[in-house]
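Trainee: Top line first, the protein sequences correspond to chains G and B. At position 117 of the first sequence the residue is numbered 117 (our numbering), and the sequence of numbers has no breaks. Plus 1000 on top of the position in the second sequence (first one is 1) and you've got our numbering.
It cannot be assumed that every hint is accurate.
DEER-style ranges, computed between Cβ atoms [what the hints assert, rightly or not]:
1) G1133(B) x G66(G): 33 to 43 Å
2) K166(G) x S1173(B): 22 to 32 Å
3) N1143(B) x P225(G): 24 to 34 Å
Treat the hints as calculated values from the structure; they're not laboratory data. C-beta atoms are modelled at their ideal positions from N, C-alpha and C, and glycine is treated no differently.
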Amino acid sequence: MWWSNLFTNTSPASFFNFSFLPKYGPYFLKGIAYTLLLAVVSVLIAVIPALLLAIMRLSKNKLVKGLSGAYIAVFRSTPLLVQLSIIYFGLFGAISIPRITILGFVDISRFIPGVVALALNSSAYVAEIFRGGILAVDIGQTEAARSLGLSSWSSMKLVVLPQAIKNVLPALANEVVTMVKESSICSMLGMVELMFAAKTVASTTYISLGPYVVAAVIYFCINYPASKAIEAVERRMRRGDKR
Amino acid sequence: MATNAELIRVVDVKKEYNNGAIKALNGCNLIVHQGEVVAIIGASGSGKSTLLRCLNMLETPTSGHIYFDGVDLADKKVDLNLHRRKMGMVFQHFNLFPHKTVMQNITLAPVHLKLKTKSEAKAKGEELLARIGLADKANEYPNMLSGGQKQRIAIVRALAMEPEVMLFDEPTSALDPEMVNEVLDLMRDLAKAGMTMVVVTHEMGFAREVANRVIFMDGGQILEENTPNELFDYPQNPRLKDFLSKVL
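Isolated chain G, as found in the complex (with noise of 0.2 Å):
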């Protein structure tokens, strides 16, 4: 058969070399999960900060506003490798974390701050956001609650953020995608996700290329999927929403 070629009698170079899978497939298995986890959670982590300095953001306050504005810049000026070494060898250097392993395959003195540095990263985007998803509320729905006695934070917390937050979720759903991406940037200080398995296997079978071919489909296998989803909901969420 012309595939048998693919797993045997092809140079270690090939792009077409993928003879490791059999063996090292649960690693990369492993390896997805750890990528999802880490994508997931730091985004999840990254929405409660990311309303804050939104909220900030859009404060009369100058001093308020300079400090929100101070942090999304820094963030999203520097590279996120640089982020992740500084918060990993700083901030971690300092706090030590117990080597304890959740999953079975988690190690939390790795994981945690690489959730940590992706969360902080993710949150000045995603408050940028949010900021957008503020300010996309008509600014009617806001006169109408402060006409109606309510302050300002139970206006933006019972009426515009209820609005806000359903109107950027397709946005948020992007995010997660994103970071899908950008957390292989974790392989660098160890963590064992997608790209450092691709890494791993790479040096292990002395097969240069294709454990990152085999990485880089299964990143396009999730995240294409995903964005085209995400394209649909936000298709049908302006069909349903004309109010």
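Fit chain B to the known structure of chain G by using the hints.
Mentor: This is chain B only, laid out in the frame that chain G set:
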């Protein structure tokens, strides 16, 4: 009708935008008595909506005073939220909360501000909805309603706070013509029931019939102020004459 007690007094209110480049209000003075219906007319951009929005401080005047129940709302130390409760406002675009049902729209503020318990607020809401013939819409969302229904519910939402005055900002301007009357009828009922009202409107017939006093604004100033019959039949100011010749 006892119209003696003074409810709102506007003293020399100015409103400027862009550091004085745009003068929306150029020194307005106005008194609204309890139980009075005041209609504000004028061309677009004359400042009538700005003046109305200054009354409950949705716009902050650049200078001047707004006394409501004797308290100067333009004073920065005043807790506006307490006073806004007593001033219902109705907007051109209804501004119902789309993520809340009709009943939730009505009960949100009274319950959140602890003026009523949930069941009291709901009972009041049911009573008000029954009064406007929309009791069956209590659990609908606003997007299921017609424009006229939305605006009547917006009025009810404001009434649920049991306000001392109702401010209307062109309440029928965004409505299809066939729905204008149902809203005006409700406003007429309110006026008859003795509600103090300030109404910015393009409906000259309504102003003439329902208002005790009509105010004509142009260029951010109140140019003429009179009973409806006097103002519409014997206009004095040339700009009012010009305006009326175009709209009547």
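Trainee: Does each hint hold? Answer for all of them.
Mentor: Here is what the structure says about each hint:
no.: 1; hint: G1133(B) x G66(G): 33 to 43 Å; verdict: violated (53 Å)
no.: 2; hint: K166(G) x S1173(B): 22 to 32 Å; verdict: holds (29 Å)
no.: 3; hint: N1143(B) x P225(G): 24 to 34 Å; verdict: holds (31 Å)
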